[in-house]
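Here is what each chain is made of, one letter per residue.
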Amino acid sequence: MMAAKGAARAVADRLHAALLAEGALPVEAPILLPADTLLDLYGEDIRARAYVTADPLRGEMMLRPDFTVPVVQIHMSEGAEPARYAYKGEVFRKQERPSARAIEYLQVGYEVFDRDDPTGADAEVFALFARLLAPLSLRPVTGDIAILRAAVAGLRTTDARKAALLRHIWRPMRFRRLLDRFGRARPPRLVLTDAAPLIGLRSQTEVDRRLAALADDCAAPPISEEERALLDAILDLSAPAGQALAHLGDLAKILHAIGPAVTRMGARLAALDRRGVAAASLPFEASHGRTTMEYYDGFVFSFHAADPALPPVASGGRYDALAAHLGQGGGQSIPAVGGIFRPGLVADLGGL
Amino acid sequence: MLKLGLPSKGRLMDQCFDWFGARGLALSRTGSDREYAAIAAAAEVEPVLLSAAEIPRELAAGRIHLGVTGSDLVQDRLADWQGQVLELAPMGFGQADLVLAVPAAWTDVETLDDLDAVAAAFRAAHGFRLRIATKYHRLVRDFLRAHEVADYQLVDSQGATEGTIRNLTAEAIADITSSGETLRANHLRVLTDGLILESQATLYAARAADWTPDDRAAYRTLAARLGVMSHPY
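Chains X and G, in that order, are what the protein sequence lines are.
Here the first sequence stands for residues 55 to 406, where the numbers follow the numbering used here.
Here the second sequence stands for residues 102 to 334, where the numbers follow the numbering used here.
Quick caveat, the hints were computed from the structure, so don't treat them as lab data.
Worth double-checking, as some hints may not be accurate.
Not the full set, but computed from the structure, chain X residues with beta-carbon under 8 Å of chain G [unchecked claim]:
1. 88
2. 89
3. 93
4. 254
Model, not experiment: these values are computed from the prediction.
Think of the CB as a built atom: it goes at the ideal place given N, C-alpha and C, for glycine as much as any other residue.
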């Protein structure tokens with residue numbers, strides 16, 4: 055049961071004030087957002103989660119499903135770097151199944167755009183969230199998508215296979231299918247023949263290019279058993295961060311490609327220690343964040359209540375690539391890390 | 102009075118009348134050919150003739166106790182359809198498959214895996230997500246999400262969906278087919294694992310209907326005739 059709106063708002067006000075006291079600039083985001091930007095970014099899945107409505111002139115609009123996109127857009131159009139922003143307001147999430155989850159609830163968020171010291175910024179955001187939530191004794195979980203990405207990029211296989219795996223890091227089932235397929239030698243596939251005329255926008259060149267890619271893929275040697283086992287060892291890694299770092303350091307001696315990402319994880323843990331977080335004992339799960347937001351591409355974290363049925367009380371992470379996607383191809387990436395609180399849950403758990 | 106929603110037109114209506122007739126519930130139209138009215142031989146059942154597409158909504162609202170329509174319509178139009186209606190009997194007619202089809206000349210695409218890979222390349226080449234035209238948004242989206250297909254978008258098509266690819270408003274389609282002839286005539290081919298739903302005319306009970314003691318008694322008599330479960334409420 056979500057707390058009464060008044061209690062949730064009081065918590066939101068307090069969290070927002072605490073973020074402003076840290077030096078964050080307050081930003082306001084519209085509640086009605088153009089649907090096309092969100093659809094292009096998140097795909098059709100967002101339609102199942104966001105309320106869609108229509109404006110007679112602007113076309114399809116969505117009731118704000120999260121603040122990330124509007125805040126990044128505000129930063130891209132008006133912001134100077136480095137920047138720290140705080141916001142609070144309602145988000146709206148449609149439920150397609152009967153559920154106790156709220157369809158309208160408050161979020162308070164903090165976003166940092168700072169390219170000088172990324173691991174320092176990661177640590178800053180996490181330490182701030184940990185400090186503000188300390189009275190609730192929540193269970194934190196951390197992860198690092200950058201290590202997974204580096205592990206995939208370091209596989210001894212074709213660039214096409216690496217790109218296919220990287221694209222599906224956030225879709226574990228399809229990732230697994232691809233990895234299994236790339237691990238087997240395959241006979242060249244029978245090419246369909248069809249006398250039908252080609253219709254539609256996709257050209258014969260595109261068809262031919264993919265047929266060539268399929269032939270190349272059949273000719274490529276399978277990804278070795280050892281390498282797949284190594285990747286599984288990383289995906290399955292779940293340990294206190296200090297132990298996880300040592301283990302990843304050992305794996306980096308074999309899979310050199312993860313070296314720089316592991317070094318950054320070490321730097322982040324050191325930065326967390328300097329901010330008073332007992333970093334070595336933080337729970338670390340290498341696959342954490344794989345099923346949440348597609349654009350997290352580095353450090354990820356969440357804070358959980360004892361009841362596993364409850365959504366995270368707070369969550370966040372690094373999403374450098376999102377700005378580039380919003381910039382429509384020509385856009386450059388903007389190092390960004392941030393997170394959100396759910397004040398209604400905080401109030402349910404007794405408040406701060 | 103037990104309200105029974107039935108399709109108001111054509112073959113589907115005739116087959117419904119036959120189905121109930123064969124099970125001892127004679128139904129007939131009243132008034133002129135153009136009047137949407139019918140009566141049942143059993144006094145406790147009141148047939149209500151409705152557009153097949155509106156029967157899911159009427160069931161969800163509980164304005165009819167029972168209704169016959171395609172399972173495609175119920176499962177697409179109603180969120181959490183099992184929470185809103187109860188499936189009493191598949192009726193063995195009105196069969197149609199909801200399928201995912203691509204241009205037959207796409208000789209590089211046989212399966213959903215292929216479609217997913219093509220969607221990535223298409224988006225990179227054209228700057229927008231591969232478009233799938235359909236009117237079955239919920240079913241298609243749930244299917245593609247369950248199979249973790251990425252980089253597509255659904256575009257709405259309420260009719261002549263097979264023509265959208267030629268008209269350059271979509272790259273693939275998801276539509277109902279019974280024989281596959283329209284697909285072939287439009288140079289389309291179904292993916293080998295592209296069967297989204299096998300639909301047929303189905304008798305449903307509305308969970309939200311007001312089931313008075315009289316309605317329940319009437320239903321039990323009817324259920325015994327039809328050979329369907331006796332406690333849907």
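Open item on the list: Output the indices of the hints that this structure fails to meet, ascending.
Closed with: 1 and 2
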